[in-house]
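Letter by letter, the chains look like this.
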Amino acid sequence: MSIVINNLNYTYSPRTNFSKVALKDITFEIKEGEFFGIIGHTGSGKSTLIQHFNALTPVQSGELIVAGIDLSRPKTSKIDFKKLRATVGMVFQYPEYQLFDATVLGDVSFGPKNLGLEKDEILERAKQAIGLVGLDYESVKDKSPFELSGGQKRRVAIAGVIAMKPQILVLDEPTAGLDPHGKREILDLILTLKESVSKTVIMISHDMDEIARLSDRVAVLADGQLQYLLPPSQLFEKSDSLEKMGLDIPTIARVVKHLNEMGKNVPHDIFTVEHAVEYFSKTIKNKNQ
Amino acid sequence: MREMTFGQYYPAESVIHKLDPRLKIVLTLAYIVTIFFVNNFLAFGVVFIFLLSLVFLSSVPIRMILKAVRPIMYIIIFTAILNLFWGVDGTRVWNWWFITIYREALFNTALLMLRLMFLVMGPALLTLTTTPMDLTDGIERLLSPLKVVRFPVHELALVMSIALRFIPILMEETDKIIKAQKSRGANFDSGNIFKRAAALIPILIPLFVSAFRRAEELALAMDSRCYKGGKGRTRMKLLKFSLTDFLAVLGFIIFVLCIVAIRVHFMHIIPVH
Ligand SMILES: Nc1ncnc2c1ncn2[C@@H]1O[C@H](COP(=O)(O)OP(=O)(O)OP(=O)(O)O)[C@@H](O)[C@H]1O
Ligand SMILES: [Mg+2]
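First to last, the protein sequences are chains G and D. Under our numbering, think of the first position of the first sequence as 1, with each following residue one higher. Under our numbering, think of the first position of the second sequence as 290, with each following residue one higher.
Check before you lean on any hint, since a few could be wrong.
[Said to hold, decoys possible] With a cut-off of at most 25 Å between alpha-carbon atoms, the simulated BS3-like pairs for lysine-lysine come out as follows:
(1) D:LYS465 with G:LYS183
(2) G:LYS244 with G:LYS257
(3) D:LYS471 with G:LYS82
(4) D:LYS484 with G:LYS119
(5) G:LYS83 with D:LYS465
[Said to hold, decoys possible] From the structure, some residues in chain G lie toward chain D, with a derived Cβ separation under 10 Å:
(6) GLY89
(7) PRO95
(8) LEU178
It should be emphasised that the hints constitute simulated quantities derived from the structure, not laboratory data. No residue lacks a Cβ here, since even glycine has one placed at the ideal position from N, Cα and C.
Take these sequences, add in the hints, and give me the full structure.
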């Protein structure tokens, strides 16, 4: 269930005078069971890259193998789209804008229905998905998705994707536009999903704290090129070059950097709140003894 | 999707781009009328030279102008074929079974094709060298005398420019929604016609919802900036006639005079029955 990317290139409107190169020679691999983060400035090609993963954007040049399905160029006609889209679930930016059905249940069932599943199975999956995203099935199933709150709508939209039980879950800025509380809830939800349904999670985010806390490895894109592919501990040491790419570092990493500039000796690989609390309470305890 | 933006404006810094939009609209209309008076090849030669020099002055690639003709190519060919078999007397040039083609019909068809092509190219040059905003601005100004009879000119122009402004945005939105539903396994290109129509519902509903949302947001934004219609509203960009505008009028008059002169003196360039 891995994703292998080899020399992937993509140009929007090729051979016109407004052609736009969005991806240049991308090569890397996403392993099964990984929490994979993707960061990069606006327009760096993140969305373009992930839309390749379930063939919404056709491969122009290079090689792409997703969960054993070859999406590379000449074989495109033979792709089993149903199987691919059941394997790779895609949660778009602001997914609540794709809700359409009269009821929450109807909307969440859309994906499983398209997979051609049995009626009972569809209902079962929808029920499970709505429960998983933390909504009360009985009270929301007959509601119109349009009368829910923004955060609830987003949950319904995510439920619509996970009802297809994708082994690989791809999320494009899932927390954009939510308040801190809503953000935390969505992130916790993603972690729960990773434990149960989707073993592999790929997440785009502009929030470095999120990325630092959740990712096993992080890919950094800039102007369509892969700049770094590192675990967060090594990535956020490169604060200077990240800044040059218009990217932030996690809040805690910034604090650590300041402390070190002040002459304190704090290890560089501290970049989450949990880790920092642990480290500093230990140091303070040691000092007091 | 993004390249299909309406209006196909080609950004460049040229004298044609800088002409007053009102003048460009009026001259384009006059050009269309003139084309209907052209009825021989010599005059079309003049039109050709006139158009070519405009294209040259505007620094728009000729390719872009020809692109404008492409969508109506089928109509042109279809009309031409009909027209070709229409003529029923004159000099026979070709005969096969019950089909006879006459010399006059051949000439008329050629003229018709030229006329249709040149008809499209003029307005194409207008939209290529004028931003949609300038265009609506120009139309609003040209129609402003109608305000006297309480015709809502300003409101109409506003509706038009908002519509133009939102076409690319809605296209992008449609693209996104289609992708989102596809990734949920939606299938838009198989099944019978009813199935296909039903498959559009998951696209159209989110699209309408988002269009209404955007409309509401826009209305709020305009309201909160005290927009209250055209009455007493001043303008940021004042349109003023410049020397180039006068030269353009002069050039156009010379062009029309040439056409008229040819029509009067060289009727015989093609035989007209
Ligand atoms: N449909 C399209 N047509 C033409 N160009 C496009 C299209 N979609 C994206 N682009 C361009 O391709 C580049 C990469 O876009 P992409 O959406 O992948 O960026 P992104 O990294 O997801 O940005 P963001 O963080 O803003 O979502 C951008 O420069 C963008 O302008
Ligand atoms: Mg994006």
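Hint-by-hint comparison with the structure:
{"no.": "1", "hint": "D:LYS465 with G:LYS183", "result": "holds, 23 Å"}
{"no.": "2", "hint": "G:LYS244 with G:LYS257", "result": "holds, 16 Å"}
{"no.": "3", "hint": "D:LYS471 with G:LYS82", "result": "holds, 10 Å"}
{"no.": "4", "hint": "D:LYS484 with G:LYS119", "result": "holds, 19 Å"}
{"no.": "5", "hint": "G:LYS83 with D:LYS465", "result": "holds, 21 Å"}
{"no.": "6", "hint": "GLY89", "result": "holds, 7 Å"}
{"no.": "7", "hint": "PRO95", "result": "holds, 7 Å"}
{"no.": "8", "hint": "LEU178", "result": "violated, 18 Å"}
Comparing the model with each numbered hint stated earlier shows that hint 8 is the single one that does not hold.
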